[in-house]
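Asker: Going down the list, the sequences are from chains C, P, E and D. Count the first sequence with UniProt numbering and you get residues 1 to 284, in order. Count the second sequence with UniProt numbering and you get residues 1 to 284, in order. Count the third sequence with UniProt numbering and you get residues 1 to 284, in order. Count the fourth sequence with UniProt numbering and you get residues 1 to 284, in order.
Since the hints were derived computationally from the structure, they do not count as laboratory data. Note that the structure is a prediction, hence the values are computed from the model and not measured. Check the hints yourself; a few may be wrong.
Which copy is meant is left open, because identical chains are indistinguishable; a pair holds if it fits in one copy or across any two.
Restricting the straight-line Cα-Cα distance to at most 35 Å, the calculated cross-link-like pairs of lysine-lysine (DSBU-like) are [what the hints assert, rightly or not]:
no.	residue 1	residue 2
1	Lys120	Lys6
2	Lys167	Lys85
3	Lys6	Lys63
4	Lys2	Lys120
5	Lys113	Lys271
6	Lys2	Lys261
7	Lys120	Lys271
8	Lys120	Lys178
9	Lys188	Lys271
10	Lys22	Lys261
11	Lys2	Lys155
12	Lys261	Lys113
Protein chains: 4
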Amino acid sequence: MKVISKSILNEVITQRPPHSHKGNYGKVCLIGGNSQYGGAIILASQAAVHSGAGLVSVVTASKNHGSLHARLPEAMVIDWENRNKMCEGVNGASVVLIGPGLGLEEESLQRLKLVLSLLKQSQVCIIDGSAITLIAQYKIILPPGPMYIFTPHEKEWERLSGLPIGKQLLDENRRAKKEIDGVVVLKKHRTEVFFDDNVWQNPIGTPAMATGGMGDTLAGMIAGFSAQFQPIDQAVLAAVYLHSYIGEKIGENHYVVLPTKVIEEISLVMKQFETESKTGRLGT
Amino acid sequence: MKVISKSILNEVITQRPPHSHKGNYGKVCLIGGNSQYGGAIILASQAAVHSGAGLVSVVTASKNHGSLHARLPEAMVIDWENRNKMCEGVNGASVVLIGPGLGLEEESLQRLKLVLSLLKQSQVCIIDGSAITLIAQYKIILPPGPMYIFTPHEKEWERLSGLPIGKQLLDENRRAKKEIDGVVVLKKHRTEVFFDDNVWQNPIGTPAMATGGMGDTLAGMIAGFSAQFQPIDQAVLAAVYLHSYIGEKIGENHYVVLPTKVIEEISLVMKQFETESKTGRLGT
Amino acid sequence: MKVISKSILNEVITQRPPHSHKGNYGKVCLIGGNSQYGGAIILASQAAVHSGAGLVSVVTASKNHGSLHARLPEAMVIDWENRNKMCEGVNGASVVLIGPGLGLEEESLQRLKLVLSLLKQSQVCIIDGSAITLIAQYKIILPPGPMYIFTPHEKEWERLSGLPIGKQLLDENRRAKKEIDGVVVLKKHRTEVFFDDNVWQNPIGTPAMATGGMGDTLAGMIAGFSAQFQPIDQAVLAAVYLHSYIGEKIGENHYVVLPTKVIEEISLVMKQFETESKTGRLGT
Amino acid sequence: MKVISKSILNEVITQRPPHSHKGNYGKVCLIGGNSQYGGAIILASQAAVHSGAGLVSVVTASKNHGSLHARLPEAMVIDWENRNKMCEGVNGASVVLIGPGLGLEEESLQRLKLVLSLLKQSQVCIIDGSAITLIAQYKIILPPGPMYIFTPHEKEWERLSGLPIGKQLLDENRRAKKEIDGVVVLKKHRTEVFFDDNVWQNPIGTPAMATGGMGDTLAGMIAGFSAQFQPIDQAVLAAVYLHSYIGEKIGENHYVVLPTKVIEEISLVMKQFETESKTGRLGT
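Working from the sequences, and respecting the hints, build out all of it.
Answerer: Below you can see the structure in the form of structure tokens.
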């Protein structure tokens, strides 16, 4: 198991080339936020915008639109009762994040299935929260093609992998990961990131971050980073590290680190690690 | 009568152990906020989250959901017209706070009765605001088992104890408290906290805190502290002291201390008093 | 014409006595904010709360409740379609402010008439914005008893007094004021305050404050000051001076002074002028 | 092609004369924000208010009113389903901005046509976002009289001018502009502003500003500046320069420059460039 080092931030967070526009920094579509868990999708969306995603669309229950815009006028909203608009949102995205506050209702399941059916090879799809539970519960087979990134916490990993929390040891996790087509970000005291061929451990973080909404925030940052930076594997590692790095920094003078505080720092801290643009880095 | 000293903060606010997750810091369910008093439950919820509660669910009128999420995406919301979801919210909680902005309508009474009927021995239940008035007015008998914490101001204490404000002297209060199964936090110029066997006085605070919503904020802090720290008696004393301590601090340069300002400081000030974790402090 | 001096702030803004509670600092009821002008009543309410009013209730269109609570959970809200609750709100207040964003519709007129019909001798009633225009337009006779404070800008004063803006000279204004039972705060470049026996001029202020919502903010500050400080005449002068004083201060480094910025400073600047409490100052 | 220099800010941003009121700083009416793109009109409105426009009215879908007021109580709102109120809003304005988040639906087209039909010679009309696309798509002829300012990005300019992005060279653009009655602000890496007789280039800006909502913010600033400063040509150049100037400043320590951060700085930075009022500058 390798250990993520701070240098990942310098490697990934490169200077934006001057001749670029918002389209160059990706289109993120987030799907989640039912009538009970609207806060989750708000936090994920804020994290994606503050990480630098070029354009952010949020597909969520209409009751969440007002509070989302009150916090984040930078995002666009789509009522998830509007199937056509929802399909448009997913189709137009370079990165799709589904799960924060999606819920476990029948409609949640149908929405998840719809989104999965729309995915294209060129897209990155991050699967978080309730979406992981639904996939485990209904043994949903993911359509091949897109790059998948799963972001389970230990209980969700138990559901997905079948490994009880007590048995989630490195080798068992590695074996379970082989069954899964996608990166697995296993969120825990020292978060581990499983790729096809290796595993990285995040050496930092603080228990002050153990509070509701922190995982949604990480998922949003991974979406934002995947939309801008390449290769995606590196982008994921950088987002994981940065999330904890900011948390530790805030935790130096806060007893609890709230997700909204983490979000406020993202762009400031990214700037500290920005390095000169490499030739040809820019996508299209 | 003993006097709470600042050292209560160091004793109670201990370092979080590294291997912990949000589940270790309690699940708080707040019930309140009718169509007129939504602000009360918003403030209480913010205070609980900023105090470090692991997960916070708010059962309130649906008209308050948008403003709550606009201020606090970290919380989950439940429409209190949805009886099933409401029961789920209460059942899943380690700490229940009922009362801020609950109102005195027939529905308020029914909601209070429902919540009381659901309580379990393992839960802490904080009874604030309108819930106190309803209990006094309808002579509601609390089901034995849970630990109760009442947070009346002097007028509410009059209703609950039968003691007119002018007769609320130490011995009378002590006697009245004996009739009540629970801790009583009597909010006033120098707040007093009545336990079964002793009484503590809060020596600090400022009249700059005499403004609407300050009591809701205290109730939310007590909920947040009860969810994380043990023993509960100590947690209550620490929350009471901290609330006034922050108020005094803000009052040094503000003529009036607004609840939202107090909330912003909670986590910062808690950090200043954090002490090393004691072995085995962590719950499950 | 006398000139208000900065010392008015020291005279009026006295230290709160230690044994006091929110009831001692007044109950303000604000009525306004139709479907178009909700921002006006939000600003007035924020100003009242930030000035230190003990309890603030806002009677407004229900569509404004969410945004009001998102900005100001410290306030209570009443839907102005609910006549009973509206009457309760007005009856329970020590200070009533009607007008910001009230509108000029038939319903606005009916609401104004209802509020006026409820007023009691012990109450202070501030009449602002559309309420002034309606009173002028429908030649409404105010019921004697309460203390009235009018806060017209020049165009509204023209409507109320019959004096065209070009003819609003000191003597003419003084004569017109005699017809009016109440204090008149004539808002303009150098705001003038007309009492029965004398006139005061505000010597400060800046054109950077010439922006929408600034008058609503002043009305809210007058309400907050009238709720806490006596005599009312002095309270009005202090609120007028403070409003401009803060505006000038912000205007030192802002090209335009937004009402929301003024509001954020109120409590901080009041503290700078706070003087020791005078014996017996506290009301009941 | 001339290059805009920083001195434009000193020339345009003159001190407000003391005897002035909000009416002297213009009435801006913004039309936009459908059910999906409410954030766009919120950002534009915030930018107009923070730039110093005297009075700001926002004609938008009613679902956006709450979030707009939660962010900006300084503005008034009009439901765009209410045709009468909408006409009143447009008629009463000195500056009209149509387009941010207007959408491309049939109703969007009808609203655009209605607004155009109401315009008067004395008004400035800024045409942004979807309004540009609609005009291009339906070959709408603008009624002569008002001063028009178009704010396309390169893709919108392609639609309006017929020039594919790759062929948008200076001479081609200049020729295409001749077909258009109005100023053209062509937003790109180094934004160009086309007047009838000359072209100005904005020499500053940063790719950190390449993020959703940044164009809406610029449109709102142009509206705010056009409402206050004359001649309009100069006001437009100053708004364009200031937008990028603030972006560069924020970009010094932020990896991505969010529109809401730009907005917060407008008034502060304007103050730094304020110069003494010229005689007779003030309109009526």
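Asker: One pair to classify: Lys2 and Lys155, alpha carbons no more than 35 Å apart. Within, between, both, or neither?
Answerer: Classified as within; 24 Å inside a copy, 45 Å across copies.
Asker: State whether the alpha carbon distance between Lys6 and Lys63 is at most 35 Å within one copy, between copies, both, or neither.
Answerer: The answer is neither: 40 Å in one copy and 44 Å across copies each exceed 35 Å.
Asker: Is it within a copy, between copies, both, or neither that the alpha carbon of Lys2 lies no farther than 35 Å from that of Lys261?
Answerer: The answer is within: 29 Å in one copy meets 35 Å, while 38 Å across copies does not.
Asker: One pair to classify: Lys2 and Lys120, alpha carbons no more than 35 Å apart. Within, between, both, or neither?
Answerer: within (31 Å within a copy, 46 Å between copies)
Asker: Checking Lys120 and Lys178: alpha-carbon separation at most 35 Å within a copy, between copies, both or neither?
Answerer: Within. Shortest intra-copy distance 22 Å satisfies the 35 Å Cα cut-off; inter-copy 43 Å does not.
Asker: Since the copies are identical, ignore which copy is meant and state whether Lys261 and Lys113 lie within 35 Å (CA to CA) inside a copy, between copies, both or neither.
Answerer: within (33 Å within a copy, 38 Å between copies)
Asker: At most 35 Å between CA atoms: does that hold for Lys120 and Lys271 within a copy, between copies, both, or neither?
Answerer: Intra 32 Å, inter 47 Å, cutoff 35 Å: intra-copy only.
Asker: If the cutoff is 35 Å on CA atoms, where do Lys22 and Lys261 land: within, between, both or neither? Let me know, please.
Answerer: both (25 Å within a copy, 17 Å between copies)
Asker: Regarding Lys188 and Lys271, is the shortest C-alpha distance of 35 Å or less found within a copy, between copies, in both, or in neither?
Answerer: Both, since 27 Å and 23 Å are each at most 35 Å.
Asker: Could you place Lys167 and Lys85 in one of the four classes (within, between, both, neither) given a Cα distance threshold of 35 Å?
Answerer: Close across copies (33 Å), not inside one copy (43 Å); limit 35 Å.
Asker: Within, between, both or neither: how does the pair Lys113, Lys271 come out at a Cα-Cα threshold of 35 Å?
Answerer: neither (38 Å within a copy, 44 Å between copies)
Asker: Given identical chains, is Lys120 near Lys6, meaning Cα to Cα at most 35 Å, within a copy, between copies, both, or neither?
Answerer: The answer is within: 33 Å in one copy meets 35 Å, while 47 Å across copies does not.
Going through the hint list in order, the structure does not satisfy hints 3 and 5.
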